[in-house]
Amino acid sequence: MSYAITRPVATVREQAAATDAPHDSDARLVQRASAGDVAAFGVLVERYQRPMTALVARMTANMDDVDDIVQEVFVRAWKGLPRFRGDAQFSTWLYRIAVNTTIKFRSRRQNEQALSLSAETLTGGIDALSSTLTSEGGDPFHSAQRREQEDLVRRAVLALPEKQRAVVVLHYFEGHSCEEISHIVGCSVGTVWSRLHYACKRLKGTLGALEGAA
Amino acid sequence: MKDIMPTRWLCKRYSAFLAAYSENALPPKAAARIEAHLAACSACRDDVRALRQVSGVLTARKPSVLEPSAEVWQRVHARIAPDARAGARPVWRLPVLTSAAGLAAAAALFCVFVRPWDASSSSGLSASAAWGDRKPSAPAAPMTRTDKERARADIAAAAASRAAMPNAAAEIALSARPEP
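These protein sequence lines are chains A and B, in that order.
Note that my numbering gives residue 105 to position 96 of the first sequence, counting from 1, and the numbers run on in steps of one.
Note that my numbering gives residue 1082 to position 116 of the second sequence, counting from 1, and the numbers run on in steps of one.
Hint data in this document are derived by calculation from the structure and do not stem from the laboratory.
We put the beta carbon where it would ideally sit given N, CA and C, even for glycine.
Where hints are given, some of them may not hold.
[To be verified] Some, not all, of what chain B presents toward chain A, calculated at C-beta under 8 Å: (1) F983; (2) L984; (3) A985; (4) A986; (5) V1023; (6) L1024; (7) T1025; (8) R1027; (9) K1028; (10) V1031; (11) S1035; (12) W1039; (13) R1041.
Turn these sequences into a full structure, and let the hints guide you.
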């Protein structure tokens, strides 16, 4: 799988250039796309492909699936546009599709290998991880250590139950407020806080277990 | 109001608010009640400390962002383009397209069932002249005089019918004619 540094979507740019679509609001583009305007939908895809890729990549274990899931998200969005009433923001609606699609895709993976947290990955557990946040520098050693820790955190989050994983990724990684998350996942704000609480307790246990194993 | 309920009961009641409290997301009054409980409960204090520690690590060590594939739009477009074409089809074209499709189908049926090349050969025209090098797949058995006369009569009747029915549907009706 190859990820490009830039996003050369020439067709979208060419089509949109003639209509000033890049400057249109989401609502206007959604309205045009609902009427069958593919170019308008292309602008929406270009606008949201980066956050969708980030979200999906952080919620799924297999990086080879990311492209397929992102593609599926936008195809589902296109098909669902006639039913989109505009009660919520388009971005919220799209995030909801992405979360549901990722969860469904993941559950279809029957032969997905179980995630395992190796004790070799980190010694010291959550306390060591927490303490290095302030002590790191810009040298290669610390960069490698940082990547290793990011990988550890990623795998720990991926090991969470789906509902907890979704709110953790949306809140801590994507920076959504709990109110936004409640709209995305379709539950109350209190439920979002509760899931975050239990997720953090579980993560503390997961990462802390490494400390005992090391 | 001072909390006089058992601590364990309060722990259960307040646990749903500890995450919000740890991120300073509670209203002042609710936050004050949680603080009053935390002052008396070491287990919940540990919970809050763990929540802040984990959330700090998650925020600071969020996995790097992947750049989207360059082919996202091309792949999406390839899948939605047929839908878009069907949905964007102008209404005024429908009768024209339907008529054209009908004519094409009628012409195909005419070629299959009426077989004008057979008729032309029997009336003295060369099949290869009319249809290029196309040949029948199997040689026809020699026709008797009676067969030839019957065939000529059929051809004449067909020509008369075609003249009377100028549209394509006439060809279909002709091909469905029962054998004598």
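Hint by hint, which ones does this structure get wrong, listed from lowest number up? none
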